[in-house]
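Please arrange chains B and C on chain A, whose structure you already have, making use of the hints.
Taken in order, these protein sequences are the chains called A, B and C.
Going by our numbering, the first residue of the first sequence is number 1, and it counts up by one from there.
Going by our numbering, the first residue of the second sequence is number 1001, and it counts up by one from there.
Going by our numbering, the first residue of the third sequence is number 2001, and it counts up by one from there.
No wet-lab data here; the hints were simulated from the structure.
Keep in mind that the hints are not guaranteed to be accurate.
Said to hold, decoys possible - Here are the simulated lysine-lysine pairs, DSS-like style, with alpha carbons at most 30 angstroms apart:
{"no.": "1", "chain 1": "C", "residue 1": "2137", "chain 2": "B", "residue 2": "1401"}
{"no.": "2", "chain 1": "B", "residue 1": "1215", "chain 2": "C", "residue 2": "2137"}
{"no.": "3", "chain 1": "C", "residue 1": "2109", "chain 2": "A", "residue 2": "20"}
{"no.": "4", "chain 1": "C", "residue 1": "2190", "chain 2": "A", "residue 2": "136"}
{"no.": "5", "chain 1": "C", "residue 1": "2212", "chain 2": "A", "residue 2": "114"}
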Amino acid sequence: MANEGTHNVEDLHLTNLTKKFGEVAAVDDLTLTIPAGSFFALLGASGCGKTTTLRMVAGLEEPTSGSIHIGQQDITNLRAFQRPVNTVFQSYALFPHLDIFENVAFGLRRRKVKNVDAAVNSMLELVELAPMARRKPTQLSGGQQQRVAVARALINEPDVLLLDEPLGALDLKLRRQMQIELKRIQTEVGTTFVHVTHDQEEAMTMADTVAVMNSGRIEQMGHPADIYELPKTAFVANFLGQANLFAGARTGTSSDSIDVVANGINFRVLSTRNSAPGDEVIVGIRPEKMTILDLHDKDTIPSGHNMLEGRVIDVSYAGVSTQYLVETQWGQKVTVFEQNVLVGDRSSVGDPVVLHWSPDHTFGLAGGETVLADTAQILAVGA
Amino acid sequence: MTTKRPEAVAAIAGQMRSAVSRRRLLQVAGIGSAAMVAAACGTGSDDSAGGEASASAAEDKSDTEMVVNWSNWPLYLDVNEDTGEYTSLVAFEEATGIDVTYTEDVNDNNEFFAKVRTQLEQGQDIGRDLVVLTDWMAALWIQSGFAQKLDKALIPNSGNIIPRLAEVSFDKPRDYTMPWQSGFAGLGYNVPALQSAMGKDALTSLDELFDPSLKGRITLLSEMRDTMGCILAWKGYDPSNFTDAQFEEAIAALTEQVDSGQVRQVTGNDYIAAMESGDVIAVIGWSGDVIALGEDFGFSLPESGGTLWTDNMLIPALAQHKKNAELVINHYYDPTVAAEVAAYVNYICPVEGAQAEMEKIDPDLATDEYIFPSSAMLDRAYVFMELTPEQNESYSRLFEKAIGN
Amino acid sequence: MAAVLPSAGKQSQVSAQRKSRTGYFLLLPGMTWLAIFFAIPFVTLFMTSLQAPVAGKSGQYVPAFQVSNYPDALAEYWPQFLRSFLYAGIATGLALLIAYPLAYFIAFKVGRWRALMLVLVIAPSFASFLLRTYAWKTILSDEGFITSFFNALHLLPDDRILNTSIAVVAGLTYNFLPFMILPLYAALEKIDPRLLEASNDLYASAFTTFRKITWPLSLPGVVAGTLLTFIPAAGDYINSELLGSTQDRMIGNVIQTNFIEFRDYPTASALSFVLMAVILVMVFTYIRRAGTEDLV
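With the rest of the complex left out, here is chain A (with noise of 0.2 angstroms):
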């Protein structure tokens, strides 16, 4: 039987996975590998293949073709129920007729382990959740819930733990609590996690690792930080926080640098920033990472920076920030993002204003118009 003795973590490698509904690929020919011990993030519009491929990993899809292992051990052909790995369903799936304790016994009753009523109680300590163990699923809180479905699956010590949109049916603020619960527990017990989520937030805060998912293929993997300050695609600069594109043609290339003209307005790329390898390039940049002056105060901008002329259609105060509308000439609006580092002076609605950021946040893409345009349909259908 799997997972009994010694417990070594190992790596988990889905090897040119794909699986096909009728003709339509939900998972197409992927490949990764997830190290042993990480929080590892599959972040994706719904019906993006995040979740399919966490069900192939479980157990409960059958792959059309590919592989899947954990080190060495092959466990593609496996059942369900033979797999060192347990999942916290989306809706939690706590079986309704047994109480708390039962639940989190379930997998040590069927794989006759001994000292059960230990390891269930220790369990739910680390869930927190001890006084409640002789209750029934339904007399607790959507949180509680959820941290039975944690504390059934965990307890079973997997390789692997799934989550699948665990935080979902729970309100905001206790999301917000949940995710730093998962994070410490993962911490404690360094079991491999792999978390599907929709919210790019979320995948951000808990993971070591986030790979952004798109039309059954992986669009861009790595640390949260990275992804963010340096997407590699369009979908990836829209889907994780926010961006303004623009699409452009390189017209230039020095040493370090490319330069750019977007309608009629050249921009610096750094040759380091830039992953499209042809003449067709979007530049892009974070909102926050722009500063906003009244158009006076033009000549004021460091020398070497990207800008960018048009006029505030809208001003939103929200505390640490301001968010500003801004409408190009050519009638694109761009987000600006300013910390209300000073007091009073903001610009207002129907100001001439230039935008101006350094090349060092500037971020160059593959793709030109027709690429803006799918990017956000995709994200618009997905949301």
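Just chains B and C now, with coordinates in the frame of chain A:
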């Protein structure tokens, strides 16, 4: 017109093969409704029964309402199988202008009585102007004052009644009733099956019926008088005049046959289907039913004797259209009409002169001993002894216990 | 309802009283319904069961308190009582064995054909109970292929099925099968398939998942189905009448005979009452045993 058979009845009748007579339909079919009155029957009024009470009459609306409501047993009236119309009844309606609502809702004497008993006891009209009941039930109705005296002046044909039926013990001068049809209870059998089981072409005695070679392949009638009449005669007693001890002896004989597994089942009308399917080879059954089954089947009155019963038309107390009902009776005592009915139902015709009329319809039937029996045959057919209510109850209990109830 | 707090003022007490009175008025239709369709027949039946016969008048009874009707009826008819419960019990067990896989199949396996399958299950009920039972006489006929088949294997003690206890139990099983299938289906259909996945994920094989998850969660359906099958089957008389022999009479036949043939209403009522009471006791014991109270 109301003289068409209702669709549902026609459908069931069709399923069970038509052209068979009235006892065919299952008695259990009506029991649900009988049970409905269970609660209502709780306190039986104790002032109505006992002795011969005279029935109350209602104001006769016959002249203003040209209708009559008639309840009879299923498949007991000539039907044109193509149109579904009752031929003789249509003739009556055309001749008199009276609309007849003919309902085949008498499936069992006891069950029908249970259905209307409360109304009768509480002095209410049961909504029927003419009903057809077997001798002993008719006797109970007359005794209880639930039947009205007939106005013979309106029934000039009543003189056509065959002499043997002109007087019965429970209705001496036929003041209250006129016979509808009579029949024998005796031995019915499937000829080819009998041949292969015991090498005979016909059954003539109950000894043969109870032969081990027919074990589990015979049925008896759940009508106590018919089954017990045959057994009493077999035991050498007179079914028209017997003692308690003789009845008990006959019951013991019955119990022996039931317990040994010789008797497969004791049924109401079901035995015909069982004979047709071949499950049952021989029965104590009713003449008209068995004869209607056709060539492969035979009926005989046992050598020791069988029973003769009569179903009687009578007018319930407080019937609204008494005169119209009497006109119906008169119509069916016309020998021509009686012959038409007899040709269809195969039972004994109670009307003098019908035999001559039958010559015109079907000469074979005119000589049929089961429609127009000879006196030699009638000598072996017993009318079951008239029972007091107490006897009826205690005999019924003995009988039902013997057959598993 | 509308409890009055000690600190409440006079006015609120009045309005609370009015409220509680309104509550009772709202109960009125339900209570009337209960009275008409349950209490009155029930009380009448009970009173009838205690009536005494009028001497010398068969079929006539007067109100009395003749408790001996009960022991008398039981002494006379206990074999039919036992037989009824035995036959109904076996039929219920068989119905469960047949219905469970079928309901499971419909609930989990047939997908969009569910509605059609359910209609097929119920469709026979559109024909009259009586005609369906008649049909079984043909099916189980001595010359029919079923009887021939079992006879070829020498499995039938009387060389026949029709007019034996086997036929009665088979008829009961068949006739009440929809009452078993439908509640089972309703219970199974309610089970979230993700629970089965969760169990599978937690090291339970398909069989263990059935034993530990599906079966316990379907228990309300099992309880409802067995009750809905057992209760009418125990009181049924048509199957025994049409498919059985004189050795197979059940309590329903006896009640019918007492009621219609003997016009012995007190005995018939007493028997009905005992049947009702025994079933009630069995139902309560059973429900408690099955422990479904907190499931449903």
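**Q.** Hint numbers not upheld by this structure, sorted from lowest to highest
**A.** none
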